[in-house]
Amino acid sequence: MDCSSEKAVKRALYELAALGVLSVTWLLYTGKLERNELLAGIPAVILAALAAEIVRGEEHPRFLPNAKMWLPVWRVPAGILRDGLLISWKLLAAASALRKPAGKFLAMRFNAGGADSRSAARQTLAVEFSTMPPNSIVVGIDRRRNLLLFHQLVGDNMPRTAYLLRGNQDR
Amino acid sequence: MNVWMIAATVTTCCLIPCGVVCMRGDPEVRLVGLEGAATILVIVFVLLGEGVHRLVFLDLPLTLALLAFGGGLVFARFLERWM
Amino acid sequence: MIAEWAVRILLWAGVVAVVAGSLGILVARTVFDRLHYAGLLSSLGAVGVTAAVAIHEGWTQAGMKCALIGVIILFTNPVLTHATTRAARVRQFGKLMPGRHERVRFADQPGYVGGDEPEDQ
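Protein chains in written order, with the numbering used here: chain A, 1 to 171; chain B, 1001 to 1083; chain C, 2001 to 2121.
Chain A on its own, in the form it takes in the complex (with noise of 0.2 Å):
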């Protein structure tokens, strides 16, 4: 198979993988069968599931992660708890003491990698991930001094997620 038909063979399956889980998707957000639903849905998931494909077919990264890179994520639900109480109690302090919080600007070593499929993945889930729990934003990733800029509210800690997906240290 040439490399053009080997293209459409992956575009056509990414399309049908599309429309399975938009119908699904449908389905579930209706939960009948019946032919008014059918009849508004059909021509909609098709219209999802193409315009997915054009924006997939675009050349921009793609996001790729692997198996490793979901690990770090099991520690969120907890961050977000810990995170939540600590800037809770950090507004009823600054309340009490008629001060307002204050938070600062922090960097720590990320190595941001290439312009690849992986790194992408890994810059992304850094970044969603530390950003969840509500003590730490991040701002963004500098490849160029391989650093990742980040907000926080209370304290000076690196965010757990971020700094488990920093990637190699040795570039």
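A few of these clues could be false.
The calculated lysine-lysine pairs, modelled on DSS-like cross-linking and capped at a C-alpha distance of 30 Å, are [as the list claims (entries may be wrong)]:
#, chain 1, residue 1, chain 2, residue 2
1, A, Lys100, C, Lys2095
2, C, Lys2095, A, Lys104
3, A, Lys10, A, Lys104
4, A, Lys7, A, Lys68
Stretches of chain C that chain A covers, calculated by requiring three or more beta carbons in the stretch to come under 8 Å of a beta carbon on chain A [what the hints assert, rightly or not]:
#, segment
5, 2001-2011
6, 2030-2038
7, 2050-2057
8, 2082-2096
Quick list of simulated restraints, FRET-style, between CB atoms [claimed, not checked]:
#, chain 1, residue 1, chain 2, residue 2, range
9, C, Trp2012, B, His1053, 16 to 24 Å
10, B, Met1083, C, Pro2110, 37 to 45 Å
11, C, Gly2111, A, Thr30, 35 to 43 Å
12, B, Val1003, A, Tyr29, 23 to 31 Å
Everything labelled a hint here was simulated from the structure, so no lab data went into it.
The structure presented is a predicted model; accordingly, all values stated were derived computationally and were not measured.
We put the beta carbon where it would ideally sit given N, CA and C, even for glycine.
Starting from the structure of chain A, add chains B and C where the hints point.
Coordinates of chains B and C only, in the frame set by chain A:
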């Protein structure tokens, strides 16, 4: 009046601080107030739907959650690039 | 019995998080501090309330819709917070990363980034 309606009432009152923030300060500060208000509204609609036992009302917070995300992103990009 | 208690705890934890978040948005000093409290609204507030309703409704369409709402808010709000923080930083500091006129401390090692470093190309 059930526990869901009491929770909805308390949560609705939390729109007032967000509204105050939306009316004062720099555009990015107002955007934060808007985003906070959108999240609170989603919660209020969920609680109201449960409180009046009309669960078809849950379509509204689902749509609002998605559109508020899109709208907030549009504002943030606009503020970053063009204002 | 356990489910009832779980519903009560999640509901009122969510409501308290919403109250704290909205007050934090009002009183915080800078836009970046306010964004932390907006994150509290979604990560604890919205997720707690939607989880309470989802457990109360059980494996019904309404329960699944509530769970979906909670998941959507949980995953989209960090993206929104990140985008808003970037926009606020670019507007206030002129650039995203620390440059010559700003020193930022490292959290994982001694020293600073920015300050004496040459400007970006």
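Here's how the hints hold up against the structure:
Between the alpha carbons of A:Lys100 and C:Lys2095 the distance comes to roughly 26 Å, so the proposed pair stays at or under 30 Å and holds. The suggested pairing of C:Lys2095 with A:Lys104 holds, with an alpha-carbon distance near 17 Å, which does not exceed 30 Å. Only pairs whose Cα atoms come within 30 Å are accepted, and A:Lys10 paired with A:Lys104 is rejected, the gap being roughly 47 Å. With a C-alpha separation of about 28 Å, the suggested pairing of A:Lys7 with A:Lys68 holds against the 30 Å cut-off.
Under the rule that three or more residues need a Cβ within less than 8 Å of chain A, the assignment of the segment 2001-2011 of chain C is violated, with 0 such residues. Under a criterion of three residues with beta carbons nearer than 8 Å to beta carbons of chain A, the stated coverage of the segment 2030-2038 of chain C is upheld, 6 such residues being counted. For the segment 2050-2057 of chain C, the stated coverage by chain A is not satisfied: 0 residues place a CB nearer than 8 Å to a CB of that chain, which falls below the threshold of 3. Only residues whose C-beta sits within less than 8 Å of a C-beta in chain A count toward coverage, and the segment 2082-2096 of chain C has 5 of them, enough to reach three; the restraint holds.
In this structure the supplied range 16 to 24 Å holds for C:Trp2012 paired with B:His1053, their Cβ-Cβ distance being about 20 Å. Remark: the range hint 37 to 45 Å for B:Met1083 to C:Pro2110 is upheld by a beta-carbon distance near 38 Å. Checked against the hint of 35 to 43 Å, the pair C:Gly2111 and A:Thr30 fails, with Cβ atoms roughly 57 Å apart. Taking 23 to 31 Å as the suggested C-beta distance range, the pair B:Val1003 and A:Tyr29 conforms, at roughly 27 Å.
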